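Based on the sequences and whatever the hints tell you, model everything.
So the sequence lines, in the order shown, correspond to chains Y and L. Everything in the first sequence is counted per the working numbering, starting at 1 for the first residue and increasing by one. Everything in the second sequence is counted per the working numbering, starting at 1 for the first residue and increasing by one.
By construction, these hints were calculated from the structure, which means they are not laboratory data. Be a bit skeptical, because a hint or two may be false.
One copy or any two copies: either way a pair holds, since identical chains are not told apart in the list.
Pairs of lysine to any residue, SDA-like flavour, derived with a Cα cap of 20 Å [as the list claims (entries may be wrong)]: (1) Lys218 <-> His263; (2) Lys225 <-> Lys525; (3) Lys280 <-> Asp360; (4) Lys218 <-> Glu231; (5) Lys368 <-> Gln44; (6) Lys218 <-> Lys368; (7) Lys280 <-> Met247; (8) Lys485 <-> Ala472; (9) Lys511 <-> Ile38; (10) Lys218 <-> Arg367; (11) Lys23 <-> Arg367; (12) Lys525 <-> Asp360; (13) Lys23 <-> Phe366.
Model, not experiment: these values are computed from the prediction.
Chain residues, written in single-letter form:
Number of protein chains: 2
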Amino acid sequence: MKYEPIFPFFRGDSCEFNTWAPKANKVQLELCQSGQLIEMQPQQRGYWSATIENTKPGTRYKYRLNDSQSYPDPASLSQPDGVHEASEVVNLKNFEWTDDDWKNIPLKEMIQYELHTGTFSSTGNFDEIRQKLKYFKELGINTIEILPVAQFSGHRNWGYDGVYPFAVQNSYGGAHELMTLVNECHKNGIAVILDVVYNHFGPEGNYVGNFGHYFSGKYSTPWGKPINFDEAYSDGVRNYIIQNVLMWCRDFHIDGLRLDAVHSIFDFGAKHIMQELAEKLDVLSHETGWEHYLIAESHLNDVKYISPVSSGGYGLDAQWSDDFHHAIHTLTTNERNSYYMDFGETQQLSKSIKDVFVFDGQYSEFRKKTYGNSTANNPGEQFVIFNQNHDQVGNRMNGDRLISLTDFETAKTIAATMFVTPNVPMLFMGEEYGERNPFYYFVSHQDPELNRLVREGRKEEFKDFYDNTNNAVDPDSTEAFENSKLSWNIEDNAEKKAMFGCYQTLIRLRKEHPVLQLTDKNNLKISEQGKLIVLER
Amino acid sequence: MKYEPIFPFFRGDSCEFNTWAPKANKVQLELCQSGQLIEMQPQQRGYWSATIENTKPGTRYKYRLNDSQSYPDPASLSQPDGVHEASEVVNLKNFEWTDDDWKNIPLKEMIQYELHTGTFSSTGNFDEIRQKLKYFKELGINTIEILPVAQFSGHRNWGYDGVYPFAVQNSYGGAHELMTLVNECHKNGIAVILDVVYNHFGPEGNYVGNFGHYFSGKYSTPWGKPINFDEAYSDGVRNYIIQNVLMWCRDFHIDGLRLDAVHSIFDFGAKHIMQELAEKLDVLSHETGWEHYLIAESHLNDVKYISPVSSGGYGLDAQWSDDFHHAIHTLTTNERNSYYMDFGETQQLSKSIKDVFVFDGQYSEFRKKTYGNSTANNPGEQFVIFNQNHDQVGNRMNGDRLISLTDFETAKTIAATMFVTPNVPMLFMGEEYGERNPFYYFVSHQDPELNRLVREGRKEEFKDFYDNTNNAVDPDSTEAFENSKLSWNIEDNAEKKAMFGCYQTLIRLRKEHPVLQLTDKNNLKISEQGKLIVLER
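Structure below.
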């Protein structure tokens, strides 16, 4: 498989436009400001290209298919007017990077901090994150993990409805603002991980299906058709995703990608797309001079994703695991509904600390099947764990954070537990000062019908957890978004200040204590005495 | 996962009935002769059981669900009156086996012979196959590979419409006749491989969905819903399939299973069902004292299926490969339509002999994607190859065998080529004497609508190969079946006799020549001089 360029790029002043449109018999580049239509030349296997002299960044364009409808570029780098309008030419090479000495943070030393750009600050953009770099350093975290920034419909979205994987959300500040943030992070010793979604496309502004065979007809996901990684024309789709991974790491200096829901990425081909991504990124790492990580979000409890290729794995660097969260959440909140029904035993918390997976081949009453396999050959640094995250908080009807469900002292104990495990700890923004604002699910599609469907779908999901879902906040209301914003003002609030101090201390301990730096799961003894767990490291 | 019994079995005179029916709130055993209804006791996770004293083999029964409808047993061992009627109690233990010294044939020594029971002889049953054991020995083959025998609707079917995986087709002679055949084969030094279908159920008499969650809602196959190996309730389905594999090898002394179309067996769980089958069969082999093989039919050109578990494979023993067939077929017939478009180069035949897979990472114009991976670490004995088989002949509109498409001398050259490769050769019944009768696709569903759908579906498929499909034989006609029967009468026909002699010689050479016994692909040099291929071993 040859890797084809698929977004506009500059050679000097001329810009080469490329698109993969195997479904089209004719493709024209439509320059929107002048109304000019330029014939694209067909290349092999459905690629089309045209080179335009003296193109300026900022040029608006679309691709016109078969002399009929024009659409934004599936690999657009910028959608300044949203998902339905023209794409904008961006020169990814004209940013002045000053992070030459950057070498990434080793996984085993990472303290990750998950944040959602839109609700992290009152203005909800990258610039405001940059204002907090000093704060991050005071806190002690060394890695931020940003929820998806690929262009989605509207301004209020977690990011999982993205439809332009190459375009940085306009309302967050676009491509160059993200580069500025990453550059500053690196200069301050902070790594940047980006959440990317390769399992589906969002429902609004989803035009890629007009160009090529992006979607699978063989499998399904809860969010619509999955991406076609193994059927006819999948080479073009694979190239698109591979180019996306390479773009983030090469052109945006991103240190790692968090691959959303790999359990909904279906590939029965002879080389799994995960393995191919890992291999391509490995080659890139040799060029950039630093390692870039691939971290899977997976519900499968299957080490295949993170095991080396030599032993039949896909060779990703790490994966998230929910089991520690579920174990400690059920023990501290006494919740037992829905997927929490499988948890609630003290020894499960011990097992999650010792083995990461509580389910490594046991029957789950919730899933109604046996699942999981053994982590024995995978060190602790291959697993990212958390006390809460955007999903575990935001998928609750009231968006409650852990501190609202337990109490101040318990929240501190839970945090301390996370920091003494051999895994990579991850905080959810605000957790470090005991934020009590909720974090809701929110959308702002332009199509009211879509918003209605989301609203009803969420209510339906909540029925597993709550008797009465009448008071659920409407995901498409501005309140859902505004009320999810962090409240900050730590200095003015004794509780927040105390919690912040606690996290500072725990993180310092984690980073300084020689034993807590070890990620070897095998040098760890754990035993229970009633509700007391004794961990010896 | 605990393995639960799921078909009736005897302890002395009493018979234990077991069924997996997690969808039912109440299950009754209906004894059809007496009309008696016996309450089944619920066991854990959807299993139900009842023990009946003094049960006689031959007893007819059904399972009555929720006080409403009665259905045949999903794990029925016999359907004497077809797919819609009562199941029959069979005692699998009361057969007198006399094959104590049997040890199976090593894969590398196998010469396989694929046969379809219904058309192998005029009466189309197991007894007639048994009459040919002397013939097989004269020919020199040491393994027969029988197309699926699981109960299907009607009497005319290739076997891929089976709906009772545990019941031996009544019109072939049922369970004890199959045992008799296997026993005699073993006494004559012949191994028996059975084709089994674990990717879908046939369309008629398919009642299992009333009992449990047998089918996947997440994936699809060309033949309908695939079997549920990884979703909720999949433990019960996996147990059903595992028990089926164990039954054939333990109770029927079957030497190997040919797993139909594993590319349509979808399992994203942490342990693939293929791996689990291999592990279970390995345990059984220790009990029976001889090795039982699992041989995958796969279109994926992916060695994952046959590589050892230690290097991330599923640990199956071997797989079929079409590439040798396609390479030699195109060169000798000049056909280039449909999937043959990817073949036709002399060097592809060389590659198929040297590496088995012609496509081990190349782009296929027919599939419109890159596929396959390297066989470098897998010896030749892990690949079964053929000049023709039931699919390659029977999926042609006119059911033409290779000899009808080429000529007598070419057919001999093709045979010779197969026998000098380092792979496991497989003949298709009749090939050894140059049978010129066609082998059609045939069905005989009771539902005329199903027959109509099959008829039209086949015509649609043929459009890729033929300009005019008006003369296609109707699959549901008796002619399609009757005309597919072998003509035999070798002695009376000089061409047949000569071809038989040629195969005899080739097989003897293969078995006796020390070089031709080697399955090491690496000690093999191959080069082309125009249309001449020089193979040095």
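Each hint, compared with the structure:
1. Within a single copy, Lys218 and His263 get their C-alpha atoms as close as 15 Å, and across copies as close as 12 Å, so both meet the 20 Å cut-off.
2. With identical chains, the CA atoms of Lys225 and Lys525 are never at most 20 Å apart, being 45 Å at best within one copy and 47 Å at best between copies.
3. For the identical chains of this complex, Lys280 and Asp360 are inter-copy neighbours only, at 19 Å across copies versus 30 Å inside a copy, given an alpha-carbon limit of 20 Å.
4. Proximity of Lys218 and Glu231 under a CA criterion of 20 Å is satisfied in both settings, with 8 Å inside one chain copy and 16 Å between copies.
5. In this assembly of identical chains, Lys368 and Gln44 lie within 20 Å of each other by CA distance solely across copies; the values are 12 Å between and 47 Å within a copy.
6. Taking identical chains as interchangeable, the C-alpha atoms of Lys218 and Lys368 lie at most 20 Å apart only when they sit on different chains, with a minimum of 16 Å there against 24 Å within one chain.
7. Taking identical chains as interchangeable, the C-alpha atoms of Lys280 and Met247 lie at most 20 Å apart only when both belong to the same chain, with a minimum of 12 Å there against 46 Å between chains.
8. With identical chains, the CA atoms of Lys485 and Ala472 are at most 20 Å apart within one copy only, with a shortest distance of 18 Å there and 68 Å across copies.
9. With identical chains, the CA atoms of Lys511 and Ile38 are never at most 20 Å apart, being 57 Å at best within one copy and 67 Å at best between copies.
10. Within a single copy, Lys218 and Arg367 get their C-alpha atoms only as close as 23 Å, which misses the 20 Å cut-off; across copies the closest is 15 Å, which meets it.
11. When the C-alpha separation of Lys23 and Arg367 is checked against a cutoff of 20 Å, the pair qualifies only between copies, where the shortest distance is 15 Å, while the shortest distance within a copy is 40 Å.
12. Taking CA atoms no more than 20 Å apart as the test, Lys525 paired with Asp360 passes inside one copy only; the shortest distance there is 19 Å, against 47 Å between copies.
13. Taking identical chains as interchangeable, the C-alpha atoms of Lys23 and Phe366 lie at most 20 Å apart only when they sit on different chains, with a minimum of 16 Å there against 43 Å within one chain.
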